[in-house]
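There are 2 protein chains.
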Amino acid sequence: MKIGFIGLGIMGRPMALNLKKGGHELIVPERASLTGDVREAARVVATPRDVAAESETLILMLPDTPDVETVLFGENGAAEGLRKGTLVIDMSSISPIETRDYAKRINAKGCDYLDAPVSGGEVGAKQATLTVMIGGPDAAFERAKPLFELMGKTITHVGPENGAGQVCKVANQIIVALNIQAVSEALVFASRAGADPAKVRAAISGGFAASRVLELHGERMIKGSFDPGFKIKLHQKDLNLALSSAKALDLALPNTAVVQQLFASCIAHGGAEQDHSALIQVTEGLAAHSIRDKK
Amino acid sequence: MKIGFIGLGIMGRPMALNLKKGGHELIVPERASLTGDVREAARVVATPRDVAAESETLILMLPDTPDVETVLFGENGAAEGLRKGTLVIDMSSISPIETRDYAKRINAKGCDYLDAPVSGGEVGAKQATLTVMIGGPDAAFERAKPLFELMGKTITHVGPENGAGQVCKVANQIIVALNIQAVSEALVFASRAGADPAKVRAAISGGFAASRVLELHGERMIKGSFDPGFKIKLHQKDLNLALSSAKALDLALPNTAVVQQLFASCIAHGGAEQDHSALIQVTEGLAAHSIRDKK
Numbered sequence: 000m001k002i003g004f005i006g007l008g009i010m011g012r013p014m015a016l017n018l019k020k021g022g023h024e025l026i027v028p029e030r031a032s033l034t035g036d037v038r039e040a041a042r043v044v045a046t047p048r049d050v051a052a053e054s055e056t057l058i059l060m061l062p063d064t065p066d067v068e069t070v071l072f073g074e075n076g077a078a079e080g081l082r083k084g085t086l087v088i089d090m091s092s093i094s095p096i097e098t099r100d101y102a103k104r105i106n107a108k109g110c111d112y113l114d115a116p117v118s119g120g121e122v123g124a125k126q127a128t129l130t131v132m133i134g135g136p137d138a139a140f141e142r143a144k145p146l147f148e149l150m151g152k153t154i155t156h157v158g159p160e161n162g163a164g165q166v167c168k169v170a171n172q173i174i175v176a177l178n179i180q181a182v183s184e185a186l187v188f189a190s191r192a193g194a195d196p197a198k199v200r201a202a203i204s205g206g207f208a209a210s211r212v213l214e215l216h217g218e219r220m221i222k223g224s225f226d227p228g229f230k231i232k233l234h235q236k237d238l239n240l241a242l243s244s245a246k247a248l249d250l251a252l253p254n255t256a257v258v259q260q261l262f263a264s265c266i267a268h269g270g271a272e273q274d275h276s277a278l279i280q281v282t283e284g285l286a287a288h289s290i291r292d293k294k
Numbered sequence: 000m001k002i003g004f005i006g007l008g009i010m011g012r013p014m015a016l017n018l019k020k021g022g023h024e025l026i027v028p029e030r031a032s033l034t035g036d037v038r039e040a041a042r043v044v045a046t047p048r049d050v051a052a053e054s055e056t057l058i059l060m061l062p063d064t065p066d067v068e069t070v071l072f073g074e075n076g077a078a079e080g081l082r083k084g085t086l087v088i089d090m091s092s093i094s095p096i097e098t099r100d101y102a103k104r105i106n107a108k109g110c111d112y113l114d115a116p117v118s119g120g121e122v123g124a125k126q127a128t129l130t131v132m133i134g135g136p137d138a139a140f141e142r143a144k145p146l147f148e149l150m151g152k153t154i155t156h157v158g159p160e161n162g163a164g165q166v167c168k169v170a171n172q173i174i175v176a177l178n179i180q181a182v183s184e185a186l187v188f189a190s191r192a193g194a195d196p197a198k199v200r201a202a203i204s205g206g207f208a209a210s211r212v213l214e215l216h217g218e219r220m221i222k223g224s225f226d227p228g229f230k231i232k233l234h235q236k237d238l239n240l241a242l243s244s245a246k247a248l249d250l251a252l253p254n255t256a257v258v259q260q261l262f263a264s265c266i267a268h269g270g271a272e273q274d275h276s277a278l279i280q281v282t283e284g285l286a287a288h289s290i291r292d293k294k
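Residue numbers (this note's numbering), protein chains in the order written: chain S, 0 to 294; chain D, 0 to 294.
Worth flagging that the hints you see were computed from the coordinates, not collected in a lab. Please note: incorrect hints may appear among the correct ones.
Put simply, identical chains are the same to the list, so a pair is met inside one copy or across any two.
Said to hold, decoys possible - In silico DSSO-like links for lysine-lysine, alpha-carbon gap of 27 Å or less:
# : residue 1 : residue 2
1 : 103       : 1
2 : 144       : 83
3 : 246       : 198
4 : 144       : 198
5 : 236       : 198
6 : 198       : 103
7 : 198       : 152
8 : 125       : 232
9 : 152       : 236
Quick caveat, the model's predicted, so the values are computed rather than measured.
Pulled out of the complex, with its shape left as it was, chain S reads as follows:
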């Protein structure tokens, strides 16, 4: 199948190459940042409009909501080039509310639209083990499924309405952020109260406190190794999406709001590029106590 792919960054590049490996043709827009392997694997054309004009399926993997809007509806945007029947799949993590608007405008051109954000990071993208959360019509999902299976492992059609995939991704990011804060408060409490945080983590890992975050991020916290992983600035962006969507829905999310503020403090201290497990440093800072201090 002829697949247009726009957004060939850390995530998009390995995802596109996995599609190529699966036997598909790639069409991408010219960018100075295109790497040699992508230039070799893809046909490079000038603009998103030109990509769309040649594509049977068009996939986007962009940083944020405004990027998706520009690529779809800006000057020389994809919407200008789309042929009737082309399937548009936005795999970026963006606003669920804007997503519904974009889907309507794409549908008006006789094209189906799926929102299909992912989790699993760069490793998941390279190993084709991403979790993909999809919102959009059943028929479009069935058509796209073989492509998702080339990029991911856990493929869930969350619902037939556009935006359901983005809503699911935001819900995921809320839980991960709040679980990181949960482990942060517990380990700072334990350490400040005189217990060894590593022993505490081991003692409670088999019970109701068990989580992937306690397992992975808890270990990073104890070691103090905050190389990303998933960057604070990206998780902050996701909580901003959660809170702006919640605001539009008159929805109060007290702990999400607190953690968004705590991420802001991480960034104020120069931590934007650190792994999100570095969120513990705010709680440590509040206590004037590091869990890695020698007693």
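Dock chain D against chain S, hints included.
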């Protein structure tokens, strides 16, 4: 071994009976609430002092900090009867700070003290699969280990200082409470934004959002089945312990403080006896939206 056991409620009763099954002798104080099986299994004496006077090991399993203080140091309390060399094990979940004081006073009588709170609930107590978190000297721990193994499965010696077990238990309860709120905010967000919370839960259960709470409490939330399980009023008590200890340590725990307030709201609405997964009802109330509403 002659084991005194004080506190034969929902948890203590099966724990004591598992010790009896393991070949030990039980001595318990007279209470109107003693059940027939305990009367049959144990020698019943008048007061905690009388229990202590006959015990090689004395185990407490009481509701809260003041109960432990009364049983140990009140009139006819255990401390009056303790013989030198008796091992005192407090398996109640109480204040880590008071625990250190109690341990010192017991040590002054020539007796060792272990704090050894548990998690795993009534089911874990009956099946002898409790998680036991122990603080206190190595030698005392080694002496008590065979008894813990008759009552629990995951036995962790958190540290040689008294209080380390209680600190660990509090850390556990912080994580569980905050993870419940994380799942609550995520599912209310998802549902209010138009996605099916059951599908969202399924989609994200394999990734970084995975937790025992998402698995167990998430399912209760979606079904709306809030029979305990673990009661809101008990989890509220545990967060009160966390916050009073944190206050004594000049420690700020922002999300723990918020969830303690949200538990207070549950109790205000008559939810004290509900399972702690009913915490979601506060976030639902804030949004004037139930995740179990038909769309």
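To see whether the hints hold, each was checked on the structure:
1. 103 - 1: Within. Shortest intra-copy distance 24 Å satisfies the 27 Å Cα cut-off; inter-copy 76 Å does not.
2. 144 - 83: within (20 Å within a copy, 72 Å between copies)
3. 246 - 198: between (41 Å within a copy, 23 Å between copies)
4. 144 - 198: Classified as between: cross-chain Cα gap 17 Å, same-chain 44 Å, threshold 27 Å.
5. 236 - 198: between (33 Å within a copy, 24 Å between copies)
6. 198 - 103: Between copies only: 23 Å across chains, 53 Å inside a chain, cut-off 27 Å.
7. 198 - 152: The answer is between: 16 Å across copies meets 27 Å, while 34 Å in one copy does not.
8. 125 - 232: within (22 Å within a copy, 47 Å between copies)
9. 152 - 236: within (25 Å within a copy, 42 Å between copies)
Checked against the numbered hints above, the structure breaks none of them.
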